[in-house]
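**Student:** I would like the entire structure built from these sequences, with the hints used as guidance.
Respectively, the protein sequence lines represent chains B and C. Per my numbering, the first sequence starts with residue 1, numbered consecutively. Per my numbering, the second sequence starts with residue 1, numbered consecutively.
Hints were generated in silico from the structure; no laboratory data involved. A hint or two may mislead.
[Stated by the list, open to error] Pairwise CB distance ranges (calculated):
1) C:Glu3 to B:Pro25: 30 to 38 Å
2) C:Pro206 to B:Leu9: 48 to 56 Å
3) C:Gly125 to B:Arg194: 45 to 53 Å
In this text the structure is predicted, and so the values were computed from the model without any measurement. Yeah, the Cβ is synthetic: ideal placement off N, Cα and C, and Gly gets one too.
Protein chains: 2
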Amino acid sequence: MTEAQKARLAMRAGEWRGPTLFQVPGYVQANLVVLPKTDAYDFLVYCQRNPRPCPLIDVTDPGDPEPRLSAPGADLRTDLPRYAVYRNGVRCEDAHDIRDLWQDDSVGFLLGSSMTFDDALERAGVPKSKEVWVLDTHLQTVPSGKFRGPMVVTMRWMTPAQAVIACQLTGRFPFNHGAPIHLGDPAAIGVDLRRPLYGEPVQEIPEGVTPVFWACGVTPQRIALLTRPDLMITHAPGHAFVTDIKADQFCIP
Amino acid sequence: MTEAQKARLAMRAGEWRGPTLFQVPGYVQANLVVLPKTDAYDFLVYCQRNPRPCPLIDVTDPGDPEPRLSAPGADLRTDLPRYAVYRNGVRCEDAHDIRDLWQDDSVGFLLGSSMTFDDALERAGVPKSKEVWVLDTHLQTVPSGKFRGPMVVTMRWMTPAQAVIACQLTGRFPFNHGAPIHLGDPAAIGVDLRRPLYGEPVQEIPEGVTPVFWACGVTPQRIALLTRPDLMITHAPGHAFVTDIKADQFCIP
Numbered sequence: 001m002t003e004a005q006k007a008r009l010a011m012r013a014g015e016w017r018g019p020t021l022f023q024v025p026g027y028v029q030a031n032l033v034v035l036p037k038t039d040a041y042d043f044l045v046y047c048q049r050n051p052r053p054c055p056l057i058d059v060t061d062p063g064d065p066e067p068r069l070s071a072p073g074a075d076l077r078t079d080l081p082r083y084a085v086y087r088n089g090v091r092c093e094d095a096h097d098i099r100d101l102w103q104d105d106s107v108g109f110l111l112g113s114s115m116t117f118d119d120a121l122e123r124a125g126v127p128k129s130k131e132v133w134v135l136d137t138h139l140q141t142v143p144s145g146k147f148r149g150p151m152v153v154t155m156r157w158m159t160p161a162q163a164v165i166a167c168q169l170t171g172r173f174p175f176n177h178g179a180p181i182h183l184g185d186p187a188a189i190g191v192d193l194r195r196p197l198y199g200e201p202v203q204e205i206p207e208g209v210t211p212v213f214w215a216c217g218v219t220p221q222r223i224a225l226l227t228r229p230d231l232m233i234t235h236a237p238g239h240a241f242v243t244d245i246k247a248d249q250f251c252i253p
Numbered sequence: 001m002t003e004a005q006k007a008r009l010a011m012r013a014g015e016w017r018g019p020t021l022f023q024v025p026g027y028v029q030a031n032l033v034v035l036p037k038t039d040a041y042d043f044l045v046y047c048q049r050n051p052r053p054c055p056l057i058d059v060t061d062p063g064d065p066e067p068r069l070s071a072p073g074a075d076l077r078t079d080l081p082r083y084a085v086y087r088n089g090v091r092c093e094d095a096h097d098i099r100d101l102w103q104d105d106s107v108g109f110l111l112g113s114s115m116t117f118d119d120a121l122e123r124a125g126v127p128k129s130k131e132v133w134v135l136d137t138h139l140q141t142v143p144s145g146k147f148r149g150p151m152v153v154t155m156r157w158m159t160p161a162q163a164v165i166a167c168q169l170t171g172r173f174p175f176n177h178g179a180p181i182h183l184g185d186p187a188a189i190g191v192d193l194r195r196p197l198y199g200e201p202v203q204e205i206p207e208g209v210t211p212v213f214w215a216c217g218v219t220p221q222r223i224a225l226l227t228r229p230d231l232m233i234t235h236a237p238g239h240a241f242v243t244d245i246k247a248d249q250f251c252i253p
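**Tutor:** See below:
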């Protein structure tokens, strides 16, 4: 049994309810979005039009909770450590199991997460950031139907030399947000470091480091706040789905 | 006006009805598939599950013939040199204009074409193949709804040194089929060189060269033969849509 399978079984058994950040290194982690079939077409087109924040790794058949391409045998209703439930665009309860909420027409979307390349960066000589911030921007995504709104980004501190390595290396992971979308001045993309969505507020950028920004899979969650689908389920931030795909593989499938 | 825009206007005016292979270098060329909205969801998922043969560059809104991301102002009904019309999975008439066939619920899909990287290969020291063959394989694609069937590939002859360059270089074009899916023995992927779909039949592989194979955007056309949609329109083989996207750009959009 692989480390990815072991992790998922521990989550299914309720023994693992914490974050997946920096856990199960070497395996592609994915953000989860569950929508009814009626919303799925527009969302698919939205992902196609915005591959940087929404790189699709797997789309399940309606009603089928098994991600057959990325983790055969897994169950998207039980195999994540923590879920966030949105009703009419408002985040309501969190859950550790969504079997009660899964419908006959539920479609599960798995989107590559930037958590995936943190391990590859470390092997390339770029130490893990102590913190990974998640921030709103003023960059608009390309709309599809009712799905529209600004892009969310992750931010890491790096020295300029590390940033150069990161541009080369993460470009090789197109299914995990790819290369940075910005580096340097946060204000240029409308980022306010004092108001992160996740992470500690930052008053000042430390000397000698450059903020480096990647498109973030939290974007569709923010979009949900604006488009108010009746029911939308996602992973809880930082609590991603661990696939069987090796992060160093160049193509999926 | 760019060379891409000039080319499309010449096609719209009926002055350009020939192939686009090796024409308008530097611009991403795309395969076209037009389907009714009712088939579009399964086809979108099919493309997501098979990104090597079906790398989606642009999906139009239902009824709208303008590819807003890849060629704003263009018209998919008139701006290709030649179209192939399939009825119930059978290739019927060819056309130079599909305004009469375009419906209120028509959706245009543009899929990156391997023609795009031929120019980049030449700049990297790999001369253009005199011929590019299109061939059936026994590799099965991942199904979605009624869309299922074997993958079609393109084949180019290269020296081993050129093949090494090609693997590195085309991997940088994930929206144009990316790296090769195979090199060497054609039989290993079920290819019969004596029976190409396009190109002259080959009796013997010349000495000193290796066949190199890429997933091909003709795959969805072959799938149409098997799944028999009422009406499906594609570009005629070799007569692709010329987008405004520069082939050397790393990301779309």
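**Student:** Hint by hint, say whether it matches the structure.
**Tutor:** Hint-by-hint comparison with the structure:
no. : hint                             : in the structure
1   : C:Glu3 to B:Pro25: 30 to 38 Å    : violated (47 Å)
2   : C:Pro206 to B:Leu9: 48 to 56 Å   : holds (53 Å)
3   : C:Gly125 to B:Arg194: 45 to 53 Å : holds (51 Å)
In this structure, the one hint that does not hold is number 1.
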